[in-house]
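This is what each chain is made of:
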Amino acid sequence: MSRSIDVEAAVAQAFRSEWGRVVATLIRTTGDWDLAEECAQEAFARALERWPTDGIPERPGAWLTTTARNRAFDRLRRAATGANKIRELGMRSLRGDDDNDDDDGLDVDPAATSGVADDRLRLMFTCCHPALSIDARVALTLRTLAGLTTPEIARAFLVPEPTMAQRLVRAKHKIRNAGIPYRVPPAHMLPERTGAVLGVVYLLFNEGYAASDGDDLVRSTLCDEAIRLGRTLAALMPDEPEVLGLLALMVLHNARRDARVDELGDLVSLEEQDRTRWDRGAVEEGVAVLDAALRRSEPGPYQVQAAIAACHATAPDAQSTDWHEIAALYDTLARFTPSPVVELNRAVAIAMAEGPEVGLALVDALDASGRLRGYRLLPATRADLLRRMGRTAEAVDAYRAALAMAATDAERRYLSRRLGELASS
Amino acid sequence: MRYVLLICADESGIQAMSEEEGAAMMAKYAAFGQEMTERGVLQTGERLRPTIDATTVRVRDGEVLTSDGPFAETKEQIGGYYVVDCKDLDEAIEVAAKIPGASLGTIEVRPIWDM
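So the protein sequences, as listed, match chains A and B.
According to the numbering used here, the first sequence is numbered sequentially starting from 1231.
According to the numbering used here, the second sequence is numbered sequentially starting from 30.
Worth double-checking, as some hints may not be accurate.
[As the list claims (entries may be wrong)] Here are the simulated lysine-lysine pairs, DSS-like style, with alpha carbons at most 25 Å apart:
{"hint": "1", "chain 1": "B", "residue 1": "LYS57", "chain 2": "A", "residue 2": "LYS1404"}
{"hint": "2", "chain 1": "A", "residue 1": "LYS1402", "chain 2": "B", "residue 2": "LYS104"}
{"hint": "3", "chain 1": "B", "residue 1": "LYS127", "chain 2": "A", "residue 2": "LYS1404"}
{"hint": "4", "chain 1": "B", "residue 1": "LYS104", "chain 2": "B", "residue 2": "LYS127"}
{"hint": "5", "chain 1": "B", "residue 1": "LYS104", "chain 2": "B", "residue 2": "LYS116"}
{"hint": "6", "chain 1": "B", "residue 1": "LYS57", "chain 2": "B", "residue 2": "LYS127"}
Derived from the structure by calculation, the hints contain no laboratory data.
Build the full structure now, drawing on both the sequences and the hints.
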């Protein structure tokens, strides 16, 4: 009994770590996305059958890839139109660029660093090609690289299952019909395309992290998958500081995940969070990854955001946080990615460093500029600063305005609680 | 793979060009055409007269209906096209970005449906 549980756990573990690699290798060798997914699925089903009697193979990834490839080969051979494809398959295998699937390392792939691109990296760049809509990129990445099912992805993005299924089909058709290449882009395209890949991974993470409504399990799956993809990218592109920066950023945010909501599911502000509930190991990892990125002296927006997250994560409490440093980092971030939201965050940091009056003047100037009209965190920020300054009546008005714009129940409860506290003070 | 690169721009802007500006643009197109021909990418391409010279034809109930102007009123109009044979979409995008009109208007990259 315990043996079969061990096997199931081993298959589940192999699924998480190997699915993307198996699918990616099969897409390269067969050129057929659907066939690749189906045969990968069959290989994992076969593992559940065989491993209890044969034992767990020494290199599960290689076993799964070989099994899936044999399946694909069988199916192509049986298909009446398969003759040409088999010839093609044979040709590709003979070209000798086909030897990196027998490596069973988890994330660190020596083949990638020695110049032979990893199939997962090819797949990631193809899934995140800018010719695909952002929705399609996200869905394809989750399906082909992370192995989430169509119903799971549909649930995560709150769309009906047939809609998500159609989105995936259309995206795969476009890859084929428009000739989107299956490769890691050449050097001159790499910065732009890497940015597109990182954007998708970060979007996945935020989708899981920011929203507090919806299915919690699905949401934490998104965070975990985004971090897993981030780790894979960091292992495959260890010389790209922004790749490391994004991984550090996600790991540092995720370290605070459990402390962000209380037992009732209500949001807890950063200032009020129980910092003993932060995951110290994750903080240390995030800071170490960030340091490795910063040593390359090529700063970028993800590294700057990770540095801000690190300032928070390493401070013992809100008061002793280095708010001057954070304000300066937001200044830097605004140069990379100018946006009124970044300016609002900078104003908050300055309020913490130099007093709420200084921060409020900046926030009011932003408000007057009209560039943040309709942004729900603007009145919430004003309310918070007015409360700190003891301007209760104005704070109440601002909290009411914020409440009217709140996006989730958790936000509404948080703002209502603040309003209640002011009324009773 | 073969692609059609549709060159779309606000044609009033192009008509408003001075003679020198027009000549400079034609020179750029000539250089682009030569570069892409030498590279073996360019199959064919034409400049189109403005939509004011266009005629739209429809057949309804067996009757040929002819009207003046383009099939749809849009902010940008198709001013020309190239047919290119590229390795993949990335190469087609790279070629499209080199069309002089890309910095004035928009290039639509459409894969040709091989029958």
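Results of checking the hints against the structure:
1. A distance of roughly 32 Å separates the Cα atoms of B:LYS57 and A:LYS1404; the hinted pair therefore is violated under the 25 Å criterion.
2. Straight-line distance between C-alpha atoms of A:LYS1402 and B:LYS104 comes to about 31 Å, which puts the hinted pair past the 25 Å bound.
3. As the CA atoms of B:LYS127 and A:LYS1404 are separated by approximately 23 Å, the hinted pair is consistent with the 25 Å bound.
4. A distance of roughly 22 Å separates the Cα atoms of B:LYS104 and B:LYS127; the hinted pair therefore holds under the 25 Å criterion.
5. At most 25 Å may separate the alpha-carbon atoms for a hinted pair to count; B:LYS104 and B:LYS116 exceed this at roughly 32 Å.
6. For the hint pairing B:LYS57 with B:LYS127, the CA-to-CA distance comes to about 10 Å; that is within 25 Å, so the pair holds.
Against the hints set out earlier in the document, violations occur for numbers 1, 2, 5.
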